[in-house]
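A.B. asks: The residues making up each chain are set out below.
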Amino acid sequence: GAGVSQSPSNKVTEKGKDVELRCDPISGHTALYWYRQSLGQGLEFLIYFQGNSAPDKSGLPSDRFSAERTGGSVSTLTIQRTQQEDSAVYLCASSPVYQNTEAFFGQGTRLTVV
Amino acid sequence: AQSVTQLGSHVSVSEGALVLLRCNYSSSVPPYLFWYVQYPNQGLQLLLKYTTGATLVKGINGFEAEFKKSETSFHLTKPSAHMSDAAEYFCAVSYSGNTPLVFGKGTRLSVIA
Numbered sequence: 001g002a003g004v005s006q007s008p009s010n011k012v013t014e015k016g017k018d019v020e021l022r023c024d025p026i027s028g029h030t031a032l033y034w035y036r037q038s039l040g041q042g043l044e045f046l047i048y049f050q051g052n053s054a055p056d057k058s059g060l061p062s063d064r065f066s067a068e069r070t071g072g073s074v075s076t077l078t079i080q081r082t083q084q085e086d087s088a089v090y091l092c093a094s095s096p097v098y099q100n101t102e103a104f105f106g107q108g109t110r111l112t113v114v
Numbered sequence: 115a116q117s118v119t120q121l122g123s124h125v126s127v128s129e130g131a132l133v134l135l136r137c138n139y140s141s142s143v144p145p146y147l148f149w150y151v152q153y154p155n156q157g158l159q160l161l162l163k164y165t166t167g168a169t170l171v172k173g174i175n176g177f178e179a180e181f182k183k184s185e186t187s188f189h190l191t192k193p194s195a196h197m198s199d200a201a202e203y204f205c206a207v208s209y210s211g212n213t214p215l216v217f218g219k220g221t222r223l224s225v226i227a
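Residue numbers (our numbering), protein chains in the order written: chain A, 1 to 114; chain B, 115 to 227.
Treat the hints as calculated values from the structure; they're not laboratory data.
Don't take every hint at face value.
[Unchecked claim] Restraint ranges, calculated between C-beta atoms of paired labels, are given here:
#1 G3(A) / K172(B): 17 to 25 Å
#2 L132(B) / R64(A): 43 to 51 Å
#3 Y209(B) / G72(A): 19 to 27 Å
#4 S5(A) / H196(B): 25 to 33 Å
#5 D18(A) / K183(B): 43 to 51 Å
#6 Q159(B) / S58(A): 24 to 32 Å
#7 E129(B) / R64(A): 26 to 34 Å
#8 K219(B) / S58(A): 18 to 26 Å
#9 G16(A) / H124(B): 30 to 38 Å
[Said to hold, decoys possible] Coverage of chain B stretches by chain A, computed from C-beta distances (three or more under 8 Å per stretch; other residues unrestricted):
#10 146 to 157
#11 214 to 220
We put the beta carbon where it would ideally sit given N, CA and C, even for glycine.
Chain A with its partners taken away, still in its complex shape (with noise of 0.2 Å):
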């Protein structure tokens, strides 16, 4: 696609509920990344993707947060038992892992756990 693509760009879920976030990155890119923006907190590297492996895990927050990438496009995000705490913006983003170049952002998901 054009950009990279994220949905749900909203998504309000119950304490305790498992959600998924996913991300369309730009064709062509292999590296893919997922950050979480907080309030106040600027943005909280996650994981990131090297095609289908995940090199770095270490920004997971907790074993409740998991992801996946598939066919070295699409990834997916997912919480489970969601605590009011997860609440923020997911943001994803993807770069051509041959060019020492920026990484491209998606809009976001904003979870809201209630």
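Once you have looked at the hints, place chain B on chain A.
C.D. replies: Then chain B, alone, in the frame of chain A:
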């Protein structure tokens, strides 16, 4: 470990005045440095980047930044602020093109008429 410090969570300037947003980084190897802008309810958009070469980097919308290795700084400037510049600005660092960017906490720029 890499880190980025943005001095001032909120900066307010008058329209037409100089914009200066400060960024300092820590990196044990030569860094790649970036400034992103985020308008309300939107994703991040790249303003400019430094990888190698000229230390004064020009970006979009009249912004520029200068990489100063001795000061470990990459401050963002614009000679004359416009109302449309009001947004959140993030400085980021990476030590290669393929590793995750480390972001500062952001600086919210307000422009007063």
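A.B. asks: A separate judgement is required for each hint: does it hold in the structure or not?
C.D. replies: Hint-by-hint comparison with the structure:
Distance hint for G3(A) and K172(B): a CB-CB separation of about 24 Å, consistent with the stated range 17 to 25 Å. Distance hint check: the CB atoms of L132(B) and R64(A) are about 46 Å apart, consistent with the given range 43 to 51 Å. Separated by about 24 Å at the C-beta atoms, Y209(B) and G72(A) satisfy the suggested range of 19 to 27 Å. As the Cβ distance of S5(A) to H196(B) is approximately 30 Å, the hint placing it in 25 to 33 Å holds.
With their beta carbons about 47 Å apart, D18(A) and K183(B) fall inside the hinted range of 43 to 51 Å. Roughly 27 Å separates the CB atoms of Q159(B) and S58(A), a value that falls within the hinted 24 to 32 Å. As the Cβ distance of E129(B) to R64(A) is approximately 46 Å, the hint placing it in 26 to 34 Å is violated. With their beta carbons about 19 Å apart, K219(B) and S58(A) fall inside the hinted range of 18 to 26 Å.
The supplied range of 30 to 38 Å is met by G16(A) and H124(B), whose beta-carbon atoms lie about 36 Å from each other. Residue count for the stretch 146 to 157 of chain B with a Cβ under 8 Å from a Cβ of chain A: 6. That meets the three needed, and the coverage hint holds. Under a criterion of three residues with beta carbons nearer than 8 Å to beta carbons of chain A, the stated coverage of the stretch 214 to 220 of chain B is upheld, 7 such residues being counted.
In the structure shown, a violation is registered for the earlier hint numbered 7 alone.
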